[in-house]
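Based on these hints, arrange chain G on the given structure of chain C.
Sequence lines, in order, name chains C and G.
Quick note on our numbering: the first sequence kicks off at 37 and runs consecutively.
Quick note on our numbering: the second sequence kicks off at 37 and runs consecutively.
Check the hints yourself; a few may be wrong.
[What the hints assert, rightly or not] Beta-carbon label-pair distances, calculated as ranges:
1) 164(G) to 437(C): 22 to 30 Å
2) 235(G) to 46(C): 13 to 21 Å
3) 140(G) to 372(C): 22 to 30 Å
4) 46(G) to 46(C): 51 to 59 Å
5) 111(G) to 245(C): 56 to 64 Å
6) 181(G) to 245(C): 33 to 41 Å
7) 91(C) to 246(G): 37 to 45 Å
8) 135(C) to 310(G): 37 to 45 Å
9) 183(G) to 106(C): 52 to 60 Å
10) 106(C) to 235(G): 54 to 62 Å
For the record, the hints were derived by calculation from the structure and aren't laboratory data.
Heads up, the beta-carbon is just placed ideally off N, CA and C, and yes, glycines get one too.
There are 2 protein chains.
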Amino acid sequence: MYKGPAQGFKLERENEYGTPAQNAAVAEIVEAVRREGDAALLRYTAAFDKTTLTPEELRVPQEEIQAAYEKVDAQFVEALRQAAANIRSFHEKQKRSTWVDVQPDGTMLGMVLRPLRRVGLYVPGGKAAYPSSVLMNVIPAKVAGVPEIVMVTPPATGGRQGIDPYILVAAAEAGVTEMYRVGGAQAVAALAYGTDSIPAVDKICGPGNIYVALAKRAVFGAVDIDSIAGPSEIVVLADDSADPGYIAADMLSQAEHDEMASAVLVTPSAKLADAVAAELERQLATLPRREIASKSMEQHGAIIVTQDMSEGVDVVNKLAPEHLEIMTEDPLELLGRIETAGAIFLGPYSAEAVGDYFAGPNHILPTNGTARFSSPLNVDDFLKKSSLIRYSKEALRRDAAGIALLARHEGLEGHARAVEIRLEGRDGK
Amino acid sequence: MYKGPAQGFKLERENEYGTPAQNAAVAEIVEAVRREGDAALLRYTAAFDKTTLTPEELRVPQEEIQAAYEKVDAQFVEALRQAAANIRSFHEKQKRSTWVDVQPDGTMLGMVLRPLRRVGLYVPGGKAAYPSSVLMNVIPAKVAGVPEIVMVTPPATGGRQGIDPYILVAAAEAGVTEMYRVGGAQAVAALAYGTDSIPAVDKICGPGNIYVALAKRAVFGAVDIDSIAGPSEIVVLADDSADPGYIAADMLSQAEHDEMASAVLVTPSAKLADAVAAELERQLATLPRREIASKSMEQHGAIIVTQDMSEGVDVVNKLAPEHLEIMTEDPLELLGRIETAGAIFLGPYSAEAVGDYFAGPNHILPTNGTARFSSPLNVDDFLKKSSLIRYSKEALRRDAAGIALLARHEGLEGHARAVEIRLEGRDGK
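For reference, chain C alone in the conformation it holds in the complex (with noise of 0.2 Å):
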């Protein structure tokens, strides 16, 4: 961990782009389910997830669904729903409208949005297959409108009734319309190009292993990706007004992600900063995820001592952090000089597990200091747009020279004329 001034620290992050090798495998399989379809697609699940599937078993049926209800946690369930329910109500603040602006000449300009019509949402198995992220992901969606929402998700290795109830329940609760069990990158292309048991979607997302990130790459452009997701990180400001034991909580609930996970804390303090490098090390030691965590905090942890508050706002601008929490006297009075995060906890009581399962924002977050451009998963991206454009006789009469000047300075002899010809005296009827 490193233990020091603003200077001395730099945030090791790559971009995923995987090796040549896995990148010629990805390219390979993609290619091969876009020609074949469902037959790659059986086949390449026959050979990595070991289940041999006939193309009517890849959908989840019904019932397996129903199955899934009597095999889950009531409380858990409950949780779920509120949980889901937060979430939707905040998305729902989200939403915008068409609109047009309709002018006394007769010109009508605008913008429609629409839902797109099919998404498509990429669970992991195993360990990394996350009931909350399935709410996140879907909700945002279906409260856009999208009428066709498909979960694909790796079969239980082995079996054909494998995958986790939690998952099932959590994808019936936000919404999902269809549920494949399909994984890995023939499960990407196969949502990207369809087969006939697949209908193609319009965007993909979710997160997976690098193969599931390579593919996602290799077909944008014939769909739409939400971001690829890199490992997660926290920064937290604070002051000495700011409780250790809750820093080094919120630190560790980063760290025990994965050894990737990065956790910073950044104080104008150094009597702050070496009560959170003990708490820290307190609380590591009954962590039943310590082993990950004390790797994480190791390779990717710090505790970075600045000059005073002012070059702190600086660094957490430059680390452009996934979550930001800021735990000082005033908060507010630091939100407006922070520039870059994807999401804001501010005070001593939002824990970013806060965010991470029941508020309501979404934990679908720019990594990578990628907040510098992009923006946590939310209803716009689930929409699409259009212009729109109505002109009137006289407000083409009106412009019309303009634009014939424009299009003739540009070569297009062929747009001006077609302004023209509307004016020529012909009837237009």
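Chain G only, in chain C's frame:
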């Protein structure tokens, strides 16, 4: 040109992924500029643009921009300013603000919206340098509040003062804050990774040749990019009430762009189909760019005669065109059934050229069927969002059990503890 029923027609479209040799060349250039900065940038400029520059000569000086105003036509500047005012006014209406929702228990949830800090615009050299595209790219960023907008454009071959003065004037009018004489994949790499002369940006916009497109794809992730533009398309949906001369003129204004452009009429009227075919021939004869336009019409043009208007709408939704003109008795009757189009032009006087240059909506639109999932360039493309979460102790106490339950289900004990430590009777300060 295809002429016949909908069943027989398929619009051939391919995304530009480049040849392996082109991709390898681009990868080498990008990597060299990333590693060597200005040295590589100047070396490639000498090699590809036959222009030897010092690092100081990369930036276009204020005097050169001033001098450009002396060289351009006064009427051009006037028309450009009117177009810019219209574009600004339309994009101002897209602008959204930060919002927060404050609840009685002290919870505050919201979204903070901020402009990107620095944006780069690629402007191609030669005949593809369109002043109108400079306006369309820059103004949304300006309206979003982006403080630094950087233009790069190739130096004219062999000269040091060779940038088209019309481009310089358009850039100055639109609000570009820095201009550099550098082009190709090397310019894209410089914008993405920064050099001593050209600081890195957060997002790269603008069209270019295949090398520019591949370079944008290669740096995506390190920075954001706009879409990768494909060939331009128009679809006209019309009935017997439409003037065949207008339709033909609009189709040709698309076809004159380049041989890859596509112009398609969709109509249930065989009579209109014949009349438009005749008009196309008549108008083509005198079009200055008839060679390009007739190749485009031959290879990618079509007149599709549908069984009825309902099938016409289906064809449009399947094509997901960049530009859609609806020239029917009552265009508003059909508008609600159009699911997918970049820009929609209603009625006889809304020539596509009106939108290309003047009306205000953006002419940078999703091509190649990508209107299925993407949108016209707009102010949102230059804003980043941050979620805002402020929980009170009361709210945390209410939700703690649910959060802890969900976290523990996912095996993330540290998340549960980060909530519980705040309710343990510690003072929290």
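Legend entry - Outcome of range test on Cβ distance (residue 235(G), residue 46(C); 13 to 21 Å): Cβ of residue 235(G) to Cβ of residue 46(C): about 18 Å, so the range 13 to 21 Å holds.
Legend entry - Supplied distance hint 22 to 30 Å, evaluated on CB atoms of residue 164(G) and residue 437(C): Holds, at about 25 Å.
Inset, instruction - Check the following: the C-beta atoms of residue 181(G) and residue 245(C) are separated by a distance inside 33 to 41 Å. - result: holds (38 Å)
Inset, instruction - For residue 46(G) and residue 46(C), compare the CB-CB distance with the range 51 to 59 Å and indicate the outcome. - result: Since the Cβ atoms of residue 46(G) and residue 46(C) sit about 52 Å apart, the hinted range of 51 to 59 Å holds.
Inset, instruction - Using the beta carbons of residue 140(G) and residue 372(C), state whether their distance is inside 22 to 30 Å or not. - result: holds (25 Å)
Inset, instruction - Indicate whether the distance between the beta carbons of residue 106(C) and residue 235(G) respects the range 54 to 62 Å. - result: Check passed, 59 Å falls within 54 to 62 Å.
Legend entry - Outcome for the supplied range 56 to 64 Å, where the beta carbon pair is residue 111(G) and residue 245(C): holds (60 Å)
Inset, instruction - Return holds or violated for the Cβ distance of residue 183(G) and residue 106(C) against the range 52 to 60 Å. - result: holds (57 Å)
Legend entry - 37 to 45 Å as the expected CB spacing between residue 310(G) and residue 135(C), which holds or is violated: Given a distance of about 39 Å, which is inside 37 to 45 Å, the answer is holds.
Inset, instruction - Using the beta carbons of residue 91(C) and residue 246(G), state whether their distance is inside 37 to 45 Å or not. - result: holds (39 Å)
The structure is consistent with each of the numbered hints, conforming to all of them.
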